[in-house]
Each structure stands twice: as C-alpha cells, then as structure tokens.
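Could you slot chain E onto chain V? The hints should help.
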Amino acid sequence: MLLLLACTQNTPVERVEPTFIYVTVLEDELGTVDAPLPFSSETTQLSVRVETLDVNGDPWPHNGDLVVKLRPGRLDQAQWVTVTDGVYEGDIAFANGFASTRVWFSDEGDKDAGTGREPSFATGVTDPPLWYALPTLAEINEIDDPESNQLENEFTEVRAIDRDVRVTAVGTNGFWITDMADEVGSYNNLFVYTFSRPRDEVVLGARLSLLPGANQEYLAPRSSPSRPTRSPRTRS
Amino acid sequence: MPASTLSIALLGLVGCTSMVPTETTWDVPALAGQDVRLTIIHTSDIHSRLLPYQFDPSFTDNGLGLADGATDYGGLARMAYVIKRERENAGRSLHLDSGDCFQGAIIFNEYEGEAEVRGLTATGLNAAVIANHEFDSGAHNLFSQIAGHGGYDLLAANYDFESSDLPWSNELERVSLPSKIYEMDGLRVGVIGLGNLSSLNSIHDEDNSLGITVRDEYEVVPQEAALLRAQGADIVLTLSHMGLDDDLEMAAEVSDIDLVIGGHHHVAIDPPLVVTNRHTGKRIPVVHSGAFAKFVGRLDLVIRDGELMSHDYTLFPISSETVAGEDAEVTNILLEYQDDLDQRYKLDQVIGVATQRLTRYGTTGGDSMLGNCTAEAMRAYPGVETEIAVTNTLGIRSDIGATLEEGETWDITVDDLFNSMPFDNTITTMFLSGREVQELLDYVAWRSSERGCNSQAQVAGIRFTMNCKDRIAEDILINGVPLDLDGTYELATNNYIAHGGSGFSMLERNTTQYDTGVSIRDVVKAYIVDQYDLPGDSACVEDGRILPVF
Numbered sequence: 015m016l017l018l019l020a021c022t023q024n025t026p027v028e029r030v031e032p033t034f035i036y037v038t039v040l041e042d043e044l045g046t047v048d049a050p051l052p053f054s055s056e057t058t059q060l061s062v063r064v065e066t067l068d069v070n071g072d073p074w075p076h077n078g079d080l081v082v083k084l085r086p087g088r089l090d091q092a093q094w095v096t097v098t099d100g101v102y103e104g105d106i107a108f109a110n111g112f113a114s115t116r117v118w119f120s121d122e123g124d125k126d127a128g129t130g131r132e133p134s135f136a137t138g139v140t141d142p143p144l145w146y147a148l149p150t151l152a153e154i155n156e157i158d159d160p161e162s163n164q165l166e167n168e169f170t171e172v173r174a175i176d177r178d179v180r181v182t183a184v185g186t187n188g189f190w191i192t193d194m195a196d197e198v199g200s201y202n203n204l205f206v207y208t209f210s211r212p213r214d215e216v217v218l219g220a221r222l223s224l225l226p227g228a229n230q231e232y233l234a235p236r237s238s239p240s241r242p243t244r245s246p247r248t249r250s
Numbered sequence: 006m007p008a009s010t011l012s013i014a015l016l017g018l019v020g021c022t023s024m025v026p027t028e029t030t031w032d033v034p035a036l037a038g039q040d041v042r043l044t045i046i047h048t049s050d051i052h053s054r055l056l057p058y059q060f061d062p063s064f065t066d067n068g069l070g071l072a073d074g075a076t077d078y079g080g081l082a083r084m085a086y087v088i089k090r091e092r093e094n095a096g097r098s099l100h101l102d103s104g105d106c107f108q109g110a111i112i113f114n115e116y117e118g119e120a121e122v123r124g125l126t127a128t129g130l131n132a133a134v135i136a137n138h139e140f141d142s143g144a145h146n147l148f149s150q151i152a153g154h155g156g157y158d159l160l161a162a163n164y165d166f167e168s169s170d171l172p173w174s175n176e177l178e179r180v181s182l183p184s185k186i187y188e189m190d191g192l193r194v195g196v197i198g199l200g201n202l203s204s205l206n207s208i209h210d211e212d213n214s215l216g217i218t219v220r221d222e223y224e225v226v227p228q229e230a231a232l233l234r235a236q237g238a239d240i241v242l243t244l245s246h247m248g249l250d251d252d253l254e255m256a257a258e259v260s261d262i263d264l265v266i267g268g269h270h271h272v273a274i275d276p277p278l279v280v281t282n283r284h285t286g287k288r289i290p291v292v293h294s295g296a297f298a299k300f301v302g303r304l305d306l307v308i309r310d311g312e313l314m315s316h317d318y319t320l321f322p323i324s325s326e327t328v329a330g331e332d333a334e335v336t337n338i339l340l341e342y343q344d345d346l347d348q349r350y351k352l353d354q355v356i357g358v359a360t361q362r363l364t365r366y367g368t369t370g371g372d373s374m375l376g377n378c379t380a381e382a383m384r385a386y387p388g389v390e391t392e393i394a395v396t397n398t399l400g401i402r403s404d405i406g407a408t409l410e411e412g413e414t415w416d417i418t419v420d421d422l423f424n425s426m427p428f429d430n431t432i433t434t435m436f437l438s439g440r441e442v443q444e445l446l447d448y449v450a451w452r453s454s455e456r457g458c459n460s461q462a463q464v465a466g467i468r469f470t471m472n473c474k475d476r477i478a479e480d481i482l483i484n485g486v487p488l489d490l491d492g493t494y495e496l497a498t499n500n501y502i503a504h505g506g507s508g509f510s511m512l513e514r515n516t517t518q519y520d521t522g523v524s525i526r527d528v529v530k531a532y533i534v535d536q537y538d539l540p541g542d543s544a545c546v547e548d549g550r551i552l553p554v555f
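If you're matching them up, the sequences are chains V and E in order. So the first sequence is numbered by this note's numbering: it starts at 15 and just counts up by one. So the second sequence is numbered by this note's numbering: it starts at 6 and just counts up by one.
Among the hints, erroneous ones may be present.
What the hints assert, rightly or not - Listed next, the in silico EDC-like pairs over lysine to aspartate or glutamate satisfying Cα-Cα at most 16 Å (straight line):
no., chain 1, residue 1, chain 2, residue 2
1, E, 287, E, 261
2, E, 530, E, 353
3, E, 474, V, 215
4, E, 474, V, 214
Unchecked claim - Stretch-level coverage of chain V by chain E, calculated; a stretch enters the list once three of its residues show a Cβ under 8 Å from a Cβ in chain E:
no., stretch
5, 33 to 40
6, 70 to 84
It should be emphasised that the hints constitute simulated quantities derived from the structure, not laboratory data. The C-beta atom is built at its ideal place from N, Cα and C for all residues, glycine as well.
Here chain V stands alone, though its shape is the one from the complex:
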C-alpha cells in the first residue's frame, strides 16, 4: 500500500536526500566586522568540514559531488567537492572575498551525468562568515589584467570611512571620486555612475563615508591608449 502511494501523482514532496548540508569552518582566523582580514587578490585556503544530513537533521551517508561557490567573491576556479559517506573534509581555494563572505556547498546532482542521481538542492554555507576589509579605490583598480577585473559584477562597498575619499568632478549622470590617502597616479580614482543627475549634496570636495555600488569594468575603445577605468555604480 505504501509503495503504491509512492507512485501516485498526488503525493506531497518526493524527497531526494540529503535534505540539509552543514558546514563547519576548521580555522580560527575568520576576521570580524571590527577586525576584518585584509582585502587581497591572493589565493586563500579555507579548511572546512561538510556533512550531509537527512530530513530529521541526522547524518545521511551521501556519496556524490557538491558544487562550491563564494558569495560574494570568486573561487580560484570552478569547484566542486566529493562527499564520501556523508562527509567532506578539505581545503577550498578562493580569492577576492570582501565584507561578509560565505562559501556555499550545494547538491546540484552529480557532475557525472551517468549516475542519474537527482539533485536535492540542499545547500549549506559557512558560518560564521569570513570578514574581509573593503577594497580601496586603488585595490579595485590595481589588477594585472584589466579584462578580468576580480570585482566585475560584484556589489561591494568602497573602503571610505578611514580614508579620505573626495568628490573631484560632477557630471549629469554620475561623479568622479578620488582617494586622497593614496598617492597621485596610484589608480586611486573612479567614476560613479548614478544614471541621472547626482543628488544636490554631491558637490566638489565632498567627503564620502559610505559608497556601495556594483562594479563594472569600462573598457575604453581599443584605439585609446588610456588605461581602462572602473565604475562602481549604484544603478544599472
């Protein structure tokens, strides 16, 4: 009788285990909001223990792949880890985390499509989060390859509260800012796109204490010798 019920269309959720994923970070130096880790483009290793759990929250002996990603930030490369008997323990490599950052582990089905294993979409994230310092304007700009901006399409805040970030020009659809704490020529400026005319308080010389926005690379035409600029913007 119960087996027949399992085949009908009117059953509620047909569950694929694991239902939950629990992640433990095996390190102490995670940073805090008051004492963040330094922002860095260098690859960082994070040791974690990942456990798969069933619908009751008990260990589930899962064998298969979990997709890994970093939000916000980027992994060193596209990654997944393989869980054996419900546990993965090892390192995750990533770079460019900023602010409150968590690593995601999710069951999206097996990478090896031949197994036919359905995804459960169970997802677990690292907790507490990693806390990284916000990038300065120069750190946003200072990269080796302008076409692979590590913060491209990331929503971040510019480090401003302990710097001296000033409005240096105002246009009809945005304004320019410069971090005066850095030396001239240190790529310490960028354009903030606001779509429409900036608000009245945005005037020459105004000091910013907070600037959140989405980072987008603006590549100058190929014929131009000038270095590309980067434009955190508040609207698309």
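Using the frame of chain V, we list chain E on its own:
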C-alpha cells in the same frame, strides 16, 4: 526537532523515481538550525511584450548580457521556457512578478490584458503586485481578467478597496490580498504586495476615481509583516512596484522585512543592491529585473532560523540568441491572439519607409525625431490646429527601425507604430496663460534634470533652453516670438498628462480642457502615410528646439 512520521526506504524501486537507490518521504523537514535554500524567479514590467520584438539593446543592456544582433528580443514563451527550466533546477521556488504586465503592445489594446493574464498563469506565476498600468482599461477590467483567467495571487497591501459606492472596488477586494504566506517544504515565506502611488493620481476611471484609498506604506508594511510573522513566516519580503528609490528607502527604514523584489523604473540590476537597515543593521537585498520581457531574474537565498544568510543572483537575458526554446503551452495561448491580430489589423501593412532610425530620445537629451513628429502632427491635425503642442516623451516607448543600418531602408508597419506608441491616448486641447506655459516648461526642466537632463516632454511651436542646473526653462520662443507671460496660448497635449499624469499638475487644474477624442496614434499614422519617406522633408528631425544646458 526531528521531522514527523512516514519515511519509507525505497531501495531499488524502479520506475517511480530514478535508477539509483534513494529515499522518498512525505515529512516536513525540521528546519530549525539548518540552512534552507529558496529560489525566487522574478519578472517585472512586461508591458504586454508577449510577442518577440526588434530593438537595439543599449550599452547597459549589453553589459547585462543582452547582446546586439539577435533576430528579436523578449517574448513570454521564451520567458516561460527559462522560468520553468530554472524552477525545475531548484528545490523550493517561487515566481513573483512586480507588476505592470499590462499596456505596451497592440495585444493589450485589443484584448485588455486577457492574453497577459492567461500567459502569466501558464508560466506558473505564484503572485503579482497590482501596479499602475493594471488599471489602464479600468478597475473593472482588471477584476474581469483576473477573475476570468487568472491563476495567480494578486497582492497589494497599500490599496484599500473598501468603497461600497463603486462596484469595481468591491470586486477588486474579492480577487486581491494584501499579503500571503507561501509554504514550501516547511519554509514559510511571507509576501507583501506594494503598488505604486505616484502614478495613481493620473489614472482615471469614469468619474476619475478608482475607489481606492491609499494607505501609507510605512504604516502598512510593519503591520502586515507582524501579521505574517505571527502566522509563522520565516522570512518576509515586499513585492513592490513603488520604484527603485522608494524600495531602497523601504529597505533602509522598515525593520521587519528581509528582501525587496521591485519594479516600475524599468531598470535591471545585476548584482542586486544591498541596503543596510538603519535600525537593525540587517543587510537587505533589493532586486529589480528590468522591463519589456528582456530579462528573467533568479535569486537564490540561504536562510537559517529566519535569517537571510547569503544570496546569489543570476539575470537571464531573453532573446533569440540567448534562449534556446519556447514554452509550448504559452506559445499555443499566444498563437490564438497573434492569428486574430494579424487578420484584423494587418500588422505587417507598410505605412511608410524610414531611411534612418527614428529615435524616441534626442541625441543631445533635448528634442527627438519621433517626439517632433508626434508633437507637430498633433497640433496640425485638422480640427485641433493649436499654436503649441506638448506631449510626454515616455508616451513614445521605442524607436522605429531600431536595427536599421546606414544605407538601408526600413518598412514602417502598423506593428511598429503600435510598439512605439502603445497607449490609446487622445488629444486634449486647452488654453494656457503665458505664466502657465512658463510653469509647464519649468516643470519639464525640473523633471528632466532628475533623469540625466533627458527631456521628459516633446514640443511643437516652442523653442527653449532647458536649464538642468537651475531646473528652469529659459529663452522661450513661441512660434519664433518670445513668450508673453500675460498672453494666452492654445495647447494640444495628450489626455494622460492633461489629467496630471507624470506630475503635470499644472495641466490637470486647467478648466478649459477639451478632449477631442482623436487618437494620437491615428494622427501619427496619418502623418507617416502622408509623408511616407521619413525623415525626408518631414518634421521627424531633431532641430534643437529643446536645448539642454547643464
């Protein structure tokens, strides 16, 4: 807390589930202390673009993945294909729409939203907010479409439909809710609908009243959120059509919401903005997924004990190049309307030829080709024949010949005209004093300065400097003569801004208004047929009559 009852091991059960050992249960999982994933599919401001259309993606569109060169863009069947694919590739999922699915193409003018409601129902939409354009064929029509064809919830907490004098008010109360909890495998998601208020003052229905009492969103959202929490909601979000600025302020000011899913300003934002609430320090994502069926947004959330731990976002561009298929169910629904429209309207009928792209916005931010065409056609139309004309730029929704290359020609069709001028607006005439003309153009300068100094009105018989820095109109000439503040001028405008739409309150209060009943789209069609070769010697050229200064 363990999950309750009935868990059956189905090792080796073939045919029901999969070929590998698995377990099937009917339990509600014990979510306490666990990470729980939720996927929200988001659409907004579809504006009746149910059928694919041609346009030239902007620089911003390109940056969001909508590349130039596709055969066509948008279309609800493509959106549905993406929406269903993504929901199949998710566990707990909701599809939410931030409103304004009505108005913007001939399919709405003819069927008044029936195709939109049927189509969205077929996508599996869970809920939509009631937005301003949902009232474009009247409040009763909205009720009829939803009651007759809707298969999703209609939400609006800041509209109060409790007027016993107006039948449609009671009707809308029957088919809408202020908020609702959606439960998915143990997770309870509270959704509060928020319509926009700024445009409602200009939308009229018969006696200029919708029978809606507007409620302050800063009172109603905390009330609804508390109610939803008391009913067990794990997270609470607003499904909003208030616009980006209001959404950002709501996220910063109201303590008890976790997420804002918004629309109205036609902006797509990838990645989402994140606002820090000034009372709780919570970080609130604010999501907007654009307009005109150009994008579908997917937001993945990880929630633990009611706290939004982390989020991830993907924006899917919708075009012939980016979406591999179309949803058959939606396609079949749309074919019913498409065939009928083709037969009745002869949408492919050529009414003129363009030798260059006819633009809705000017290259300087001032007057535009289509703007000048429209305004000149309005004031010159037999029986109208006024000294000046003013129409709002946003009444023209798209370029004509958007993909036209240099040296080519473009056959202007009836379909082009409907896509560019979807609104069924008529010409209203009125007399203005010179001071009122000054006030009108000052308002245009002010409103334009808020929008990158792109003129928010198009004119005929008027030439002026639009000073976006000081937000005033200067050096105004009326048919070549300086404006006489004590003079009187007859104006042709559209009935939308004549009723105060888009903030033109100086027109709304005018007591000399006369609605001619003449369709502006018909007037422009007649003008194109008459001129035939555009721009040629026509008025469809930029001539600097609006000079932006900033």
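Results of checking the hints against the structure:
1. E:287 to E:261: 10 Å, holds
2. E:530 to E:353: Between residue 530 of chain E and residue 353 of chain E the Cα gap is close to 14 Å, so the pair holds against 16 Å.
3. E:474 to V:215: The hint holds at about 14 Å.
4. E:474 to V:214: 10 Å, holds
5. 33 to 40: holds (count 5)
6. 70 to 84: holds (count 4)
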